[in-house]
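Engineer: The primary structure of each chain is shown beneath.
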Amino acid sequence: MLRHAEPVMGTVFSFAVRDPGPGTEPALRRIVERLHRIDAVFSTYRPESDISRLGRGELALADCDPEVRTVLAACREVAAETDGHFTERPGGRLDPSGWVKGWAVEEAAGLLRASGARQYCVSGGGDVQTSGGPWRIGVADPRQPGRLTAVLSGGDLAVATSGTAERGAHILDPHTGRPADGLLSLTLVGAPGTGIARTDAWATAAFAMGPDRALAWAARRPGIEALAVLPDGTKRWTPGLPGHLPPSGPADWQLAASWGQGPLSSALTLPGALSTPSSARIRPCSEASAGDGSSSNSRSRSAWSRR
Amino acid sequence: MRRAVVTSAATAAGVVLLLSLKPHQSAGNAPMISSGAGAGSDSGSASAATGPGSGTASGSGAGGATGTVSSPSAAPVPASGGATRKVSGDTVNTRYGPVQVQVTLAGSRITAVDVVKYPTEDRRDREINGNALPVLNQEAISAQSAQIDAVSGATYTSDGYVRSLQSALDRAKG
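If you read the sequences in order, they're chains A and B.
Residues in the first sequence are numbered consecutively from 1, following the working numbering.
Residues in the second sequence are numbered consecutively from 1, following the working numbering.
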């Protein structure tokens, strides 16, 4: 496995390539150049960047790097797709970063692919695009640095998380202008072909929506799944998210009866020594216990209607 | 092998066990949630998972005081030494219907967890629920045991990266 980490855009981009070939390292050099170029054009922290000058009115859009126009158009698309929960002008200031970072990851992934790589994983500060696989992507626990709140597995995944753990309440709800505070983190898993640029921007928008709207919104998007961590640590997710969990795995996942919101979906752990990491699975019993008298119940059917 | 498979069903089975074997502790309005005492993880456990239908349902509390547990009738089948025994939990009424789980123990080890009562007896529903049972770990996960390739999280700064799991992964060989 070839790994590389590149500080750029105020964060660090990480690359892992499982099938490096002769073209991989040159591709990584091109990618690094590309990322720094994107940063030079789009950084809001650089007074001389095209975006900063455009925002100050010192540069006309027509005189900007041609990609500025493309990026701003993409931002408007995302705004329309998310009921206005995304904007390239958060707080009134031109700042398309909500699109640019994920887009940069997608650009990097595309350059790796063009170099012949098929098994790679690119992360831009925590927004991840994989190819091939399966890859195992941990979702950071927003309340416990260094720990994970879930592990997702699969190939060709786009996984993006928006949250407050690293930079505080920095995501504004465009509708109120105030920092969104209904969530600690919101993770989206993109449908195949969605790409990390859109997945990342959508995650930002969904974070601004708050948990109820975000989950409902994600559930309506075919193939998009969401995992929300609420301020009290409660986790909620869309019905299809478990499909991204490892099929069988070590201690990172386990069973819990969580088809509903009842007590059984509550989380707990068994105290003591029974927590040996190993695969864990539940074996549906072939026979229900007799005499329980439970009758059929259509509610669960509707609850799983997306399956 | 079977044992190896299931010793680890502990957390989930713990859900069941705690629900079923300690109902007297959660009598009254005590929440059905119990954090993993001694498990070394402090906060992640006291949370309620709200799965399917999310976004549409009204807020579920953390499971407490909903009066959904039936009488604490679960009684471990008498065990002889380290022999295998089966413990059935109470039937718990979830919003989708009654659920009952049976845990098989060899000595103190959980060797199997069976759902013996599903929210509905409909075959299709049972199949769906069976497939859906493995869900997210409710505990914070130790990154060391998770064997991950990358981490998705809120965007770290360059400084934050230094302390991040991702930086540890990037430093790792292979």
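Careful: at least some of the hints might be erroneous.
Claimed, not checked - To spell it out: a stretch of chain A is covered by chain B in this simulated footprint if at least three of its residues, at any positions, have a beta carbon under 8 angstroms from a beta carbon of chain B; those stretches are:
1) 5-12
2) 107-113
3) 129-141
4) 162-171
Said to hold, decoys possible - Examples of chain B residues lying across from chain A (beta carbon under 8 angstroms, computed):
5) THR84
6) ARG85
7) VAL87
8) GLN147
9) ASP149
10) THR155
11) SER158
12) ASP170
What the hints assert, rightly or not - Label pairs and their computed distance ranges (CB to CB):
13) VAL162(B) with ARG220(A): 30 to 40 angstroms
14) ARG85(B) with GLY84(A): 23 to 33 angstroms
15) GLN147(B) with PRO66(A): 39 to 49 angstroms
16) GLY91(A) with THR157(B): 17 to 27 angstroms
17) ARG85(B) with ALA216(A): 12 to 22 angstroms
18) GLY116(A) with THR84(B): 20 to 30 angstroms
19) VAL162(B) with MET1(A): 19 to 29 angstroms
20) GLN147(B) with GLU58(A): 30 to 40 angstroms
21) PRO134(A) with VAL162(B): 24 to 34 angstroms
22) PRO231(A) with THR84(B): 20 to 30 angstroms
23) THR84(B) with GLY84(A): 17 to 27 angstroms
24) PRO192(A) with GLN147(B): 19 to 29 angstroms
25) PRO134(A) with THR84(B): 18 to 28 angstroms
26) ASP181(A) with GLN147(B): 51 to 61 angstroms
Treat the hints as calculated values from the structure; they're not laboratory data.
The structure displayed is predicted, hence computed values, not measured ones.
We put the beta carbon where it would ideally sit given N, CA and C, even for glycine.
Engineer: All hints, please: hold or fail.
Structural biologist: Hints, one by one, checked against the model:
Counting residues of the segment 5-12 of chain A whose beta carbon lies closer than 8 angstroms to any beta carbon of chain B gives 5, which reaches the threshold of three, so the coverage claim holds. Counting residues of the segment 107-113 of chain A whose CB lies closer than 8 angstroms to any CB of chain B gives 0, so the stated coverage by that chain is violated, three being the minimum. Using a Cβ-Cβ cut-off of 8 angstroms, 8 residues of the segment 129-141 of chain A lie near chain B, which meets the minimum of three, so the contact claim holds. By the rule of at least three residues with a Cβ nearer than 8 angstroms to a Cβ of chain B, the coverage given for the segment 162-171 of chain A holds, with 6 such residues.
Proximity of THR84(B) to chain A is violated relative to the hint, the smallest CB-CB distance being about 15 angstroms (cut-off 8 angstroms). Look at ARG85(B): its Cβ only gets to about 15 angstroms from chain A, farther than 8 angstroms, so that hint breaks. Contact between VAL87(B) and chain A, as hinted, is not supported at the beta carbon level, the nearest pair being about 13 angstroms apart and thus beyond 8 angstroms. The interface hint given for GLN147(B) holds, since its Cβ lies 6 angstroms from the closest Cβ of chain A, which is under the 8 angstroms cut-off.
The beta carbon of ASP149(B) comes within 5 angstroms of a beta carbon in chain A, closer than 8 angstroms, and the hint placing it at the interface holds. The beta carbon of THR155(B) is positioned within 8 angstroms of a beta carbon in chain A (closest approach about 4 angstroms), and the interface hint is therefore held. Checking SER158(B) against chain A by beta carbon gives a least distance of about 5 angstroms; that is within 8 angstroms, so the hint holds. With a least beta-carbon distance of about 4 angstroms to chain A, the hint placing ASP170(B) at the interface is held under the 8 angstroms criterion.
Checked against the hint of 30 to 40 angstroms, the pair VAL162(B) and ARG220(A) passes, with Cβ atoms roughly 39 angstroms apart. Here the CB-CB span from ARG85(B) to GLY84(A) is close to 58 angstroms, at odds with the stated 23 to 33 angstroms. Distance hint check: the CB atoms of GLN147(B) and PRO66(A) are about 43 angstroms apart, consistent with the given range 39 to 49 angstroms. Taking 17 to 27 angstroms as the suggested C-beta distance range, the pair GLY91(A) and THR157(B) conforms, at roughly 19 angstroms.
Our hint of 12 to 22 angstroms for ARG85(B) and ALA216(A) is violated, since their Cβ atoms are close to 44 angstroms apart. GLY116(A) and THR84(B) have their C-beta atoms about 54 angstroms apart, which leaves the hinted 20 to 30 angstroms range violated. The given range of 19 to 29 angstroms is respected by VAL162(B) and MET1(A), whose C-beta atoms sit roughly 21 angstroms from each other. About 50 angstroms separates the C-beta atoms of GLN147(B) and GLU58(A), a value inconsistent with the hinted range of 30 to 40 angstroms.
The hinted range of 24 to 34 angstroms is satisfied by PRO134(A) and VAL162(B), whose Cβ atoms lie roughly 28 angstroms apart. Between PRO231(A) and THR84(B) the beta carbon distance is about 43 angstroms. The supplied range of 20 to 30 angstroms is therefore violated. For THR84(B) and GLY84(A), the hinted distance range of 17 to 27 angstroms is not satisfied, since their beta carbons lie about 59 angstroms from each other. A beta carbon spacing of about 24 angstroms between PRO192(A) and GLN147(B) agrees with the range 19 to 29 angstroms that was offered as a hint.
As the Cβ distance of PRO134(A) to THR84(B) is approximately 35 angstroms, the hint placing it in 18 to 28 angstroms is violated. Taking 51 to 61 angstroms as the suggested C-beta distance range, the pair ASP181(A) and GLN147(B) does not conform, at roughly 34 angstroms.
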